[in-house]
Amino acid sequence: METHIPGVPVLPERCTLCPVACGADRAAGKAGACGAAAPKIAKYYLHPFEEPCISFSKGSGTIFFCGCNLRCVFCQNYEVSRAQRGMEVTPSRLAEIFRELEEQGADNISLVTPSHVIPYLVAAFEIYKPKIPVVYNSGGYDSAEALKAIDGYIDIYLPDMKFVSPVLSERYTGRADYFEKASRAIAFMSKKPLRMSEEGKMLSGLIVRHLVMPLGVGDSVAVLRWFKREMPDTAYLSLMSQYTPYGDIAGFPELRRPVTAREYGQVLDEAFALGIGNLFAQKRSSSGEKYIPEWDY
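Reading the sequence shown from the start, the letters are residues 22 to 318 in our numbering.
Treat the hints with care, since some could be wrong.
Said to hold, decoys possible - Across the chosen pairs, the derived CB separations fall in these ranges:
1. ARG120 - PRO69: 19 to 25 angstroms
2. ALA42 - GLN105: 19 to 25 angstroms
3. LYS169 - GLU315: 31 to 37 angstroms
4. GLY50 - ARG192: 30 to 36 angstroms
5. SER218 - GLY298: 17 to 23 angstroms
6. VAL31 - TYR318: 24 to 30 angstroms
7. ARG106 - GLY50: 15 to 21 angstroms
Said to hold, decoys possible - Derived PhoX-like pairs (lysine-lysine); straight-line CA-CA distance at most 20 angstroms:
8. LYS169 - LYS213
9. LYS222 - LYS79
10. LYS222 - LYS152
11. LYS79 - LYS152
12. LYS212 - LYS202
13. LYS213 - LYS202
14. LYS169 - LYS212
15. LYS169 - LYS202
16. LYS51 - LYS61
17. LYS152 - LYS213
18. LYS150 - LYS213
19. LYS213 - LYS249
20. LYS212 - LYS249
21. LYS169 - LYS150
22. LYS249 - LYS202
Calculated from the structure, these hints are not laboratory results.
Just so you know, even glycine gets a beta-carbon here, dropped at the ideal spot from N, CA and C.
Kindly generate the complete structure, drawing on both the sequences and the hints.
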């Protein structure tokens with residue numbers, strides 16, 4: 022019987038860390054469908070532009086991991102999601118980064134696109150568990166089974182729910198089963214209890230993000246109805262208007278413009294009509310390339 026060594030990742034020989042279940046031999050250092058073998062990061066810093074209860078006072082200590090199990094043609098972090106850049110890090114280096122961000126005054130540690138590096142994150146947390154909340158910030162296409170391995174280290178879940186329609190999700194992300202898998206994963210995440218500080222900082226809980234897309238009002242309404250029907254009253258919804266034409270959208274003429282005020286207003290009106298109380302809404306000025314980070318690695 023093998024004995025687990027704390028701080029050393031337990032890597033699968035046939036990867037099933039996410040719903041793609043590509044079967045890559047991660048133990049042998051092979052890259053999966055996510056494009057990543059060992060974890061690489063593109064940037065870590067205090068991020069001031071998240072939801073108010075996440076960025077809060079000094080900012081969210083955000084770590085951007087390279088690679089992704091989705092192939093969103095409109096991805097604003099295109100070079101990062103396609104693993105075209107980044108600095109390789111070990112679990113011990115990740116633990117050091119947790120400490121660095123904590124010492125800089127971060128209100129939490131936010132792990133962006135972490136699905137494919139869960140074993141490395143568990144190993145890093147075995148070395149050092151931050152004293153501030155830890156945020157799991159994903160595209161929503163997660164495996165509920167894999168989440169169980171890291172759930173004990175996570176305080177806040179911050180997933181996307183991008184699409185209900187399998188036609189749209191296959192067209193824009195390459196995954197026709199996106200809603201099926203994301204809704205199951207988010208149901209698991211919704212068990213995280215809500216805790217807020219007296220000042221309004223989230224200490225534990227769930228925020229589901231939804232980005233309103235051009236010509237996407239109908240599917241956005243379907244997302245809102247799913248949220249109202251399936252999520253507990255303690256869950257928050259973050260309704261985003263920040264879509265910016267970016268990425269590999271040459272073959273998608275409908276994506277070459279921002280969302281209109283009318284489109285976003287229709288979706289926001291539906292959220293109010295459904296009685297969704299825990300709601301974050303974005304200003305129209307949130308759209309634009311100025312909010313895309315400059316990558317360090």
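Results of checking the hints against the structure:
Taken as a hint, the range 19 to 25 angstroms holds for the pair ARG120 and PRO69, whose Cβ atoms sit roughly 21 angstroms apart. Judged by the Cβ atoms, the range 19 to 25 angstroms given for ALA42 and GLN105 holds: they are separated by roughly 24 angstroms. Between LYS169 and GLU315 the beta carbons are some 36 angstroms apart, a value that agrees with the proposed interval 31 to 37 angstroms. One distance hint, 30 to 36 angstroms for the beta-carbon pair GLY50 and ARG192, holds here, with the actual separation near 33 angstroms.
Under the hint 17 to 23 angstroms, the C-beta atoms of SER218 and GLY298, about 19 angstroms apart, fit the expected range. As the Cβ distance of VAL31 to TYR318 is approximately 26 angstroms, the hint placing it in 24 to 30 angstroms holds. At roughly 19 angstroms, the beta carbons of ARG106 and GLY50 sit within the given window of 15 to 21 angstroms. At roughly 12 angstroms between alpha-carbon atoms, LYS169 and LYS213 fall within 20 angstroms of each other, so this suggested pair holds.
At roughly 11 angstroms between alpha-carbon atoms, LYS222 and LYS79 fall within 20 angstroms of each other, so this suggested pair holds. For the given pair, LYS222 sits about 15 angstroms from LYS152 by alpha-carbon distance, which is consistent with the 20 angstroms threshold. Annotation: proposed proximity of LYS79 to LYS152 holds, straight-line Cα distance about 16 angstroms (limit 20 angstroms). This hinted pair checks out: LYS212 and LYS202 have alpha carbons roughly 17 angstroms apart, not beyond 20 angstroms.
Between LYS213 and LYS202 the CA atoms are separated by roughly 18 angstroms; this keeps the pair inside 20 angstroms, and the hint holds. For the proposed pair LYS169 and LYS212, the alpha carbon gap of about 12 angstroms is at most 20 angstroms, so the pair holds. Of the supplied pair hints, the one linking LYS169 and LYS202 holds, its CA atoms being roughly 15 angstroms apart against a limit of 20 angstroms. As the CA atoms of LYS51 and LYS61 are separated by approximately 14 angstroms, the hinted pair is consistent with the 20 angstroms bound.
A threshold of 20 angstroms between alpha carbons decides the hint, and for LYS152 with LYS213 the separation of about 18 angstroms falls inside it, so the pair holds. Proximity of LYS150 to LYS213 is assessed by CA-CA distance (about 18 angstroms); at most 20 angstroms being required, the pair is judged to hold. A C-alpha spacing of about 17 angstroms is found between LYS213 and LYS249, which places the hinted pair at or below 20 angstroms, so the restraint holds. For the proposed pair LYS212 and LYS249, the alpha carbon gap of about 16 angstroms is at most 20 angstroms, so the pair holds.
Annotation: proposed proximity of LYS169 to LYS150 holds, straight-line Cα distance about 17 angstroms (limit 20 angstroms). For the given pair, LYS249 sits about 18 angstroms from LYS202 by alpha-carbon distance, which is consistent with the 20 angstroms threshold.
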